[in-house]
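These protein sequence lines map, in sequence, to chains A and B.
Residue 101 in the numbering used here sits at position 101 of the first sequence, with consecutive numbering throughout.
Residue 228 in the numbering used here sits at position 228 of the second sequence, with consecutive numbering throughout.
None of these hints come from the bench; they were simulated from the model.
Fair warning: there could be bad hints in the mix.
Stated by the list, open to error - In silico negatives: residues of chain A with every beta carbon more than 12 Å from chain B: (1) Glu4; (2) Pro6; (3) Ala22; (4) Val42; (5) Trp69.
Said to hold, decoys possible - From the structure, some residues in chain B lie toward chain A, with a derived Cβ separation under 10 Å: (6) Trp149; (7) Thr150; (8) Leu152; (9) Trp164; (10) Tyr166; (11) Ser168; (12) Met169; (13) Ala170; (14) Pro171; (15) Gly225; (16) Tyr227; (17) Asp228; (18) Ser232; (19) Gly255.
Think of the CB as a built atom: it goes at the ideal place given N, C-alpha and C, for glycine as much as any other residue.
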Amino acid sequence: MTGEAPTFPEAGWFAALREAVADDAELSVTGRWCTLNVALVVGEETILLRLREGKLAEAVHNPDIGASWSVTLRGSPVDWRAFLRPEPPPFHHDLLAMNTRVPSFSIEGDRKAFVRHLRALRRVFEIAQKLDTRA
Amino acid sequence: MPDIDPITGRYVHVEIGGVRNRVYFEEAGEGRPLLCLHTAGSDSRQYRYLLCDPEVTSRWRVVAFDLPHHGRSLPPEGWWKDEYLLTTETYTETIMAFVRALELDRPIVLGCSMGGAVVLELARTHASEVEAVIGLSGASKIEGRFLDWTVLPDVDGSAVAASWTYGSMAPQGPEASRREVWWTYAQGGPGVYRGDTYFYSEDWDLRGREGEIDTDRCPVYLLTGEYDHVCSVGETEATAAAIPGAQFTKMEGIGHFPMAENYDRFREYLLPILQELGKTS
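So here's chain B without its partners, still in its complex pose:
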């Protein structure tokens, strides 16, 4: 018997900003949709452990897609003429276009880092289309991540993006998992990690608008690892405190990439939240 992961990968054509994109996604399981958003400069492979967790996939349809320019989703035609800079508008439009294209009915959206930030924007602006959001390693504002190092011609951008982010993980995670995070970062296209941090660290700023999120309509769960120096526990906690009804959890022995760097430990924090959400209809 071949040993095959229970993951199916396919492409869906999605119109974003009037441009047709061929978007790669992976899915596993059956049930209510749980949509997963990868971090800046990486791709949906970060969710491979979650996609293979029967305790999750027995109750949830887990879907993870690669943003255009990432993983197996090619950039739209003409990409060579533009500087890649992800904006709040494009990012939210892309996610909602994907949700509609796949006809996902009020998914729970789980995102990490820039994905952990954008889920708050979804809760603020698309509460009627999203059941709940789970944000990892996100806060109202993350400063100092939009840098040019990875696009300089005398710098190996792929190795630097990977090594730059590697140290934001906790030493407790399995080395093979942490190295895998390094590898997927090293595979990002030139300028893509930088362009994503434009959203995460420059364009998006929730400060002062946290109260616009109605957690009765769209519950918010925020989790950050104690080793995350990119987005600290204190920063996420302050954001959660500013959103009435938001729940915050500090994750021990975890850094910036919970679902990828140490899935076994992360699931101890995730499963109770999914169980709580599973009770609601």
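Same shape as in the complex, but just chain A:
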């Protein structure tokens, strides 16, 4: 990671994620059936991810009242920073692990939608965890 690289949850970081997701061979195959709006709540901040057919179509910071989503992933900035590392510490390595073992993190909203899209979501966040190590 260079000194100038944008960090989570800056807009530039999501732009890099959008690009990495678009380039991912696995998501180009398995993500085609994944269209879902997911909100990441990072402390006081909300970032709405609009996933469209396995691509990150848009990341909207602090969406207005006109926006809606089905799944909310809520954590503290510390939780998200621990999770978004190539080798996260135990229990911060996975969304379900955090939901079970980290009291400040939760998977909320339409959990069935989360489960239905789990395979693709898992991949999106795997890519996110490796984002800062990309050449």
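For this one, chain A is given, so just place chain B on it according to the hints.
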């Protein structure tokens, strides 16, 4: 020369609960028997690295079988009329019926997850027929795993069972191995993963009865990976502390599927235990 794994796969007919089952098992090596139990919703392929480890197979006859409904062991006839729910009684009976059918003389039983739980039940109730037990990713009680997600008609149960369990592995394991765990999970029959978690998370509960295990008769080794969020290091450690004489090891850089997700690292923990057990007769 063809490059063939030193594993032999065969079927044995075993009567379980008065019903004849055709059970698939794989084995490799010679020596005292080391019986291996797979996790919920998976099969004996999880032990393929152990079955191919000459340092183990030179001293041990390693045997791994697929529970009925899993892998190559078909469900018994009439399965379509029943909800598959594995109970403590059926699980222990199945293991002991297999041991007797194969005439395994006081095997060491190694199990993971629900297998890591049932070995404690074997130590409690079948100490005269089991030499020692090694439990991975198991504790006296595991809560919250019996869920319906994988059987809902608008959910892809195979991909969800696989993706649900995938995150319980540690990021340090080789990606190919972790993907293999995903693949075997995706191949489970409908409702089988859920039915296994009925044993692991609902039916079986050792709490308050840990002291009934006599480790002089059947030594107990418990190991759990630091990344295992299904069964935490703390939960296994508490169980080991409640069993007089049980030994506990925390495994670093490992999650819920030690023998499958990162065998090279897991064997560093397993080999000393096998060496210790090898000294006893």
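To see whether the hints hold, each was checked on the structure:
no., hint, in the structure
1, Glu4, "27 Å, holds"
2, Pro6, "23 Å, holds"
3, Ala22, "21 Å, holds"
4, Val42, "20 Å, holds"
5, Trp69, "20 Å, holds"
6, Trp149, "5 Å, holds"
7, Thr150, "9 Å, holds"
8, Leu152, "8 Å, holds"
9, Trp164, "7 Å, holds"
10, Tyr166, "7 Å, holds"
11, Ser168, "7 Å, holds"
12, Met169, "9 Å, holds"
13, Ala170, "7 Å, holds"
14, Pro171, "5 Å, holds"
15, Gly225, "8 Å, holds"
16, Tyr227, "5 Å, holds"
17, Asp228, "8 Å, holds"
18, Ser232, "7 Å, holds"
19, Gly255, "8 Å, holds"
Checked against the numbered hints given earlier, this structure breaks none of them.
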